[in-house]
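A.B. asks: Listed in order, the protein sequences are those of chains A and B.
Numbering follows the numbering used here, with no gaps: position 48 of the first sequence is 50.
Numbering follows the numbering used here, with no gaps: position 83 of the second sequence is 234.
Treat the hints loosely; a few may be bogus.
[As the list claims (entries may be wrong)] Computed footprint of chain B on chain A, listed as stretches where at least three residues anywhere in the stretch have a Cβ under 8 Å from a Cβ of chain B:
1. 753 to 759
2. 768 to 775
3. 803 to 810
Since the hints were derived computationally from the structure, they do not count as laboratory data.
Just so it is clear, CB atoms sit at the ideal spot from N, CA and C, and this is done for glycine as well.
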Amino acid sequence: MTSLRVLRVCGRALPFGLLALLAAGTPLAAQDPAAVAEAISELTWRPIGPANMGGRVTDIVGVPGDPKVFYVGGADGGVFRTTNAGVTFDALFTDQAVYSVGALALAPSDPNVLWLGSGEGDPRNSVSYGNGVYRSLDRGGTWSHVGLDGTERIKRIAVDPRNPDVAFVCALGREWGPNEDRGVFRTTDGGRAWDKILYVDEDTGCSDLRMDPSNPRIVFAAMWTFRRRPWRFDDGGRETALYRSKDGGDTWQRLDNGLPDAPMARIGVGISASHPNIVYLITETPEDGTLFRSEDGGESWRMVNDDRGINFRPFYYSDIRVDPNNPNVVYSLSGGLYKSIDGGRTFDRIARGVHGDHQSMWIDPLDSDRVLSGSDGGFQVSYDAAANWDIINNVTLAQFYQIDVDDQDPFWVCGGLQDNGNWCGPSNSLHSGGIYKDDWFRISGGDGFYSQSVPGSPHLVYTNLQGGVIMLTDTRTGVTRRIHPYPKIVGSAGDAMIDHRYRFNWDAPIHISPHDPNTVYWGGNVLFKSADLGYSWEVISPDLTTDDPEKQRDSGGEIYNDNTAAEFHTTILTIEESPIEAGVIWVGTDDGNIQITRDGGATWTNVRDNVRGLPEFAWIAKIEASSHDAATAFVAVDNHRLDDFAPYVFVTRDYGRSWRNLAEGLPQTDYVKVVRQDPVESDILYVGMELGIYASWDAGETWVSIRNDLPPVSVRDIQIQRRDNALVIGTHGRGAFVLDDLTPLQQLPAALASGAHFFDPRRATRWQMANRDASMGQRSYRAPNPPSGASLYFHLATQPSGPVSVAVADASGAAVRDIRVREPHVGVNRVVWDLRHEGPTRIRGQDGTHTPRGGYRVGADARASG
Amino acid sequence: MELTLRVGDIELEQTLELRGDPRIEMTAQDYRQQIGALMALREMASDLNEAINLVESLRSQLESIQEAARASRPVDGGDLSGALAAAIDSLGAVSATYLRRPPPRMNYRQRPRVSEEIRSLTRAIGGVEARPTEPQLTRVEGLRDESREALAALDRVLDRMIRPLNDRLGEYPRIMVPARGGGESVSGER
């Protein structure tokens, strides 16, 4: 057969001559987005951890009497199931429309039936959202969305112990605005139809719900008035109250006999399974107590404990559990975990070796010694009634706020986590087992945010914790200097910002100048600059915010103050200096200002009013100064805190004088967290959203999801390691992921215009991999390193009829290896060459190549000659 | 490195930059020494694996003839079966003595043969980013001698026992004796 002669160019075949040349000039925007998505669908995200600290767990449920099986609900991390007592876990609920879990409930009469309420029910400042109720009939393997779409967040589900199709849903409703889809809902047919059976008003939702296991007609529901705004939250009030139904939810009675005649904060309720007439209520009141107990099924109550410490932040906790076999053993889930053995009169703080901020607990009704717990620090198991705990940290639920990459080789990834400090870990551990839990290390504590290493000095890392505590750590020694420009108690200071000299956001920004690694910027209400590693600071701006004093007052509401910094407002959120033009600095604030200086801070211009379509007072989440053009910048606006879930992305190409909206092609019911521009191809943009990640090849005209195997997790930050051309994302629920080589995305337009395309390969390195640990079994966390060798990408426009192979030759043309591509497919393919020569002739009947590991490696260019 | 992607009749080329581990000092000469040793070991491994394949092929053929001979009238005065059995035993002995550990191949419960030695040395040289040691290079040469010895032992069995058998097989199929390194012969002629 005569070979078809084809035009051969480096990396691209043009079998159709001029036609193909013309096609190559077609913008990708003209392509069908679905075709683009299909072309890149096999590109996979590589998780790298960390798992050390878990991540916030909102619910945890077990199977009575079966210690091998339990389920974990991640605040923004889906569901994990173990069937071997925590040795391994299966990630469930990864392919649904949302990913935040508020409540899990196993049907007592059928453990195959698992109910899930989506949307976290503990309405802190950083939560994601849900879209109603899901149900699985196969232990979480598959799910059906069964309604209550508008509830946004669900705290509790109770399933009738006699019938897996009868369930009560405790829906908190919208966090940032009023809505009617809140209260208590009931289904009797597995979720096909719902009745709203308890409703107070559009500001009052359900914070807890308990069913009498001996008489499911008796249901207690706590109704709670709560509203969060960017600058404050208000917990409780006079409509916050406990209700009881004795007829399966048809009618309800507000309970008040013995309860305070005063506004109450969020309410939690617990019922004794062994003595159902004993019921507990936990809340906070101005003067009248914290824990209340009824011994007559809720008819009357008496205060048994007035220690506010057992319910440290009512809006976040207010959660009580009663030992199912002893009505006087009570647990209060709070900043610490508290246990009473005398009916609530006294509490001891327990679980001191476990991360605090407890959000969930399950006690085995057949063995009260077995307790499952979930907190901001993952999940834990006790086998001795909460005296001692086994922290199970082999899944990643880590919640990054920000992410960064350094310039080590291989590069490291650093970032800050919700309530778990700032951490760094390797993108490639260089040991053969992968990236282990202990490859990650903590730099500093608190809620972690920015973790930026100094270029050229990667051991020096700037980090911060909430509310303006900036630090510089030398990771070689662990020396961490606090370098605040104005040392006063900041962070979770306890007082309102109005009288502070400077104000800092919960997530205040650090930015190292791209022109000088010794220069760092730090954002409060003004912009600070240091050129000496934080030993001195210069204020280089006026107050860049609206400085509205009404948004700087105490948070918490009428019952108590709560000034953790989570509501500190009128502050700077994002800083970006142009990598093209020194002195061009962009600043975005949490109250809608977009400021620019072109003279290093001498003069500032607020360009907010030039942005048509920018909502007033919107959260300017991220600004991306273009690395291609000094006048160009991109702005990601996250307005969900004003109850607006629409996406906003804008671009200016004239230093802010005019702007274009780029968000029209994005999903219109999800908000944007971050936008980044590709450093190689200026028309390629990446956007992280609350539920995934998108890319545009036409500067924002059209967008394509590049989630692929990533669950619909919140993508809070995106960084590109330029030397390695790798995309790194920090998710708020599943840790960090790496897309190891951006070349297939950068060259996709050329690939789609060709019959076949061989992408430029990234430099390959003969890394010496070490084996540094003993056998670890399956319980220990490990994430994959990048494939060892050279990852080679190519694109096929049509399914090949014959074999596809990659031949490797050395510089002299001598054959080194011929790699047959297994199962080539339409779209972008990857084949990994392990940098080895062809092995020896095989022994027939033996599996594999019979090439010993480590054998016949290809030589590399020596780093040093001679 | 030069890469060629082949999709049907389309060939696309790329150049791959390959570098050594930047943490490790290795000169170009170091790499050449390493790859040279590994290529020598690969050739030895190929020769031995081909010999192993040949032994297995021959034993299979011989056993088939032996089976057929048991089921029919004896030829060649009745001692063909004995010759077949002796040839099978000799092949097994060569393999077990020289080529590789015999079944059940239980590692340190059996002394290593030349195949295992080659594999071990390959791993030692190729599994690290370092130039081979002098003893390793010396051992490569030693293994070359051991390989030759093993293959010579096999050749002796082929010459003295296997090929002559073809003249005695009568109506039975001739033994296919592939020449090591390619080609094959049917007759007793080499």
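A.B. asks: For each hint, tell me whether it holds in the structure or not.
C.D. replies: Consistency of the hints with the structure:
Three residues within the 8 Å Cβ limit are the bar, and the segment 753 to 759 of chain A against chain B gives 3, so the coverage statement holds. Counting residues of the segment 768 to 775 of chain A whose CB lies closer than 8 Å to any CB of chain B gives 3, so the stated coverage by that chain holds, three being the minimum. Closer than 8 Å: that is the beta-carbon criterion, and the segment 803 to 810 of chain A has 8 residues meeting it against chain B, so the requirement of 3 holds.
When each numbered hint is compared with the structure, no violation occurs for any of them.
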